[in-house]
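Asker: Take a look at the letters that make up each chain.
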Amino acid sequence: MFGAARTVQKSGANLQFVRTKRIRAGLDPVAQRVVTQLSVISANRKMPKMLKLSKEDFVKHVTVMRAWGVVRKEKKQAEEAQLKQQYESIKEANEDLKHVSQKLFEAANKLEIGKRFPLELRVPTEYPSRSGWFYDYTPRKL
Amino acid sequence: MSVSKGVWSKFVKRSPTLALRNKALRTALLSPDLPSGPVSLKSKASKRKYQSIEGLDQIYPLAYEVLEKRSEDIYSKIESLDKNSPTYAEQKEELEIAAEKFNPEVVYMAEYMKNSLDRTQPVFRHYLKKTWEGYSKMLLMQRLETLAVIPDTLPTLEPKVEVKLKFPHNNQDRWIEPGTLLSSNVTKMPPSLEVIEFKESTGDLYTVLMVDPDTPDLAQDSYSTTLLWGVKDVKLSNTDSMIDAKKLMQNEDCEFVEYLPPVCEKNTGKHRIAFWVFRQDGPLENAPKGLRREFFKIRQFVEDNKLTPVGAHVIRTLWDRNTENVRKMYGLPEGRVFTRERVPYLKN
Amino acid sequence: MVFVQLRQFSNSSIAAGRPGYSLVKPVHHRVRIRKQLLSPRFPELKLPPTDVRSPKYRPFLVRQDRVKEHYHNTLKSDLLLINYQHDQKDVEGPKRRKWDMSSPYHINRPLQKPKGQIVPSPTIRARTWKNVPFFEGVSINCFVEEAKANPAAAIAAQLQIQQITNSKVYPIYAKTNVPTWKLRPGMLMGARTRLTGAPAHQFLSTLTELVLPRARDFRGIRNSAGDQYGNIAFGLSAETVRLFPEIEHNQDSWPNTYGFWLTLHTSAQLDYEARTLLSGLGLPFYGNEKVPLLLRQAQGL
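Protein chains in written order, with UniProt numbering: chain A, 1 to 142; chain B, 1 to 348; chain C, 1 to 301.
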C-alpha cells in the first residue's frame, strides 16, 4: 500500500539508505552507537508516501470500506444478540432454580474468585502442530 | 462484465438520474478493474503512469454485492411500509436515502458532479445538504453574526435552505460569498437568487426581502431600515429553484416593491444589504403593491404575514464614483454628502 | 445555622457602575461554526482522518487478529457465564462527600475526600451481556537504573522497547530528587509505551507463546498483583527479555537488555475478573487470592 522509503539523493553520487552505514569522522564507536540508536528511534524518513487515487478508484475504495463496515456491523450485532439471548437464558434458569432449590441456587451463584481457564487452552493458529490434539490430558498442577 | 446484478442496474422503479451518464465512467465503476484505464485523469502521461490499488479488483465486486443486497432489502422494506401512517413520507425518504447512499455511481456524482445533481432524488438532496452544512451554512451564519444582520434586521435565523446570490454584471457567472463588498456598478440591476431546498418541494411559495438597515435617520440621530426589493409568492420546486428576471417577468404580481439598487450617500460608511428568504404558508396578503420603502419595519412585516425565515444572504456596498450614475439611471435626486459636525468645545 | 447558596447577578458591581452580568458577546443563532473548515488554507487537512485523501489517514484492521477472534469466539460467552450473579445490584464505590454547610466557609469549598480513601472509587456495575470484560491493552514501563551513570543505557532501552513492540516509544524522565541514589529530576531514565488493539494482541501472543513458556525465572503472575480496578501488572527480567524473537535472533546487537514492567489493562471492574480473562489469553497465575476489598465492604464482611 505504501511506497518504498525515500532514499537520499545527492548530485552525482547515489547514496543508499545510509542510516547505519555512514561513518562520521571524529565520533568514537560508543557515541556512534548512540547516534545510530537515536536515528532508528526517530520518526524521521519513516512517513509513508501518500496514495494518489483516480476518482474511480477513490469511489471504489470508499465502497469497499463501507461494505466492510456493513459486514462488521452485522457480525457485531449478531454476536451481541447471541450474548443477550444467553444472558436472558441464564437469568431465566436462575429464576427457576431459586424457586426449586435454594441450595442449588446458592451453589450456582457462588462468587467465582480464582476461576481460571485451563493453561492448555491455546489461541487457535492457522497451522497447528502436526501431532494434533492431545486427548488423554490431565490438567497440570501449578 | 458488470459487477451489478441487482437493483442498482434496474431502472423500472428507480430514477434514471441515479446512473452516471458518462458511459466510460459508468463502465469503470461497474467493472472490477479499470477496463479503459483511469477515465477521470486528463493527461495521457498521468494515465500511463497511474497504478490502481493492488487487490482492489478482487474485493470490489464482493463489496458491491454486499451493498447492493443491503439496498435491495431496504427497497423491499419501503414496499412494506404502511402508507396510511402519518410519518409515511418521512420514513420513505429516510429509507430511500439509505438505499442509494452507498451506490458507487451516486457517490461519484455526489462527490464530483455537485452542480448537476437531480434534486428530486432524496439521496442527492442528502449529499447536497451535507456539503452545505460543511461550509456554506457555517460561513453564512458567521457573516450574519459578525455583521450583526441578526439581530439588527430579524432576531435570529434557523437556516433551512441554501441561498445563492449573483448579479447580472459583466456577464460573469459567479455566486457571491456572503459579506462581500460590492461596487454600485455591480448592484445596479436586480440579482438572481437560487433557493435550494433540502426537503421535497413541489410548489412552495417564497418571499424575498432586500433591506438596507444602515440608512441614516437624522431626525432620530440613528439608522433606519429601507426596503430595496420585495418579491412574494414565487413558486419554487426541487427542479426549478431560481428567482431571476425571467421568472419575475412571467408573473408581474410577484414583485410588490420594485428593485432599487443600494445607492449609499457619501460618508455613510459601508451599508449592509440583507436578503431574507421566507417560506410562505399560503399567498401573502399584507403586502400591497408599492409598499413604502423608507422606515420599513421588517419584524412587523414578518409578523403580519406569518412568515418563517428559512434563509438569508448579506452583501455590503459603499458610496463610490459610480453611485451618482446609478442614481440618474433610476431617476433619483442627488445624494446627500455627510460631513463631520464640529462639536463646540465644552469646558469641563 | 445553614447557609443557602444563591446565584444572582452581582449587586456590588452595578453599584460600582459596571454591568452586573457577563460581558461575553451573545450569539444570536444555534449553528455550530467550525472555524477550521471555513479557512481556505490546507484543504486536505479538512478531510476527516478516515478519508484516504487525508494525510492523517492510517490503514486499520489490515490483518487477521487471532487473539481478538479467540476472545470473541471462545472467551466472551464463558466470561459472561462465569461473572453472572443473580439479582446483582450496582455497588456504589466511595465517592467525594458534600460538606454539611455548618460553616460559611463550606460555600464553594471542594468536596470532602471519600471515607477512608483519597480518591473516589468507581461504582461496580451489575454484569450484563453489555459489559463482559475485555482486554484493552498493555503499557510498558522500562526504568533503567544504570542510566543514572550512563544516559546511553536509557536510549538503548528505548530502542529495545521499540524493537519488541514495533511502536513509538516515549522517554521517561526522573521526577524526584533522591540524593542518596544520585537521582535528580529531569534525568533521562528509560522508556515507556502503550499498546492497544492489534499491536497489543500481537505483543500478548508473542509473550504467552514464545517468551514466557521458556522463561526460567517466571512462575506466573502473582494473584495479589493488580490495582483493584482490573489492571494487572508484572515484571520481566533482563534475562527473559532476551527471549523475545526480535532480540533472540540478533543476539550480537544486544550486549545489554533491560527488564521492564508490564501493565495489562482490562475493562474488568475488579481484579479477579481480569485474572479470569487473562488466564483465557494464556497467562498463568499463582499464589493466594483474596476477596476484593470493595466486595467485602459491600457484603459487610
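Calculated from the structure, these hints are not laboratory results. Quick caveat, the model's predicted, so the values are computed rather than measured. Don't take each hint at face value.
To be verified - Using 25 Å as the maximum straight-line C-alpha spacing, the simulated BS3-like pairs for lysine-lysine come out as follows: (1) B:K199 to B:K129; (2) A:K46 to C:K168; (3) A:K91 to C:K168; (4) B:K270 to B:K137; (5) B:K23 to A:K55.
To be verified - Per the computed footprint, the stretches of chain A lying under chain B, defined by three or more beta-carbons under 8 Å from a beta-carbon of chain B, are: (6) 46 to 56; (7) 62 to 68.
Quick reminder that beta carbons are idealized off the backbone N, C-alpha and C, glycines included.
Asker: Of the hints stated earlier, which fail here?
Answerer: Result: hint 3 breaks, nothing else.
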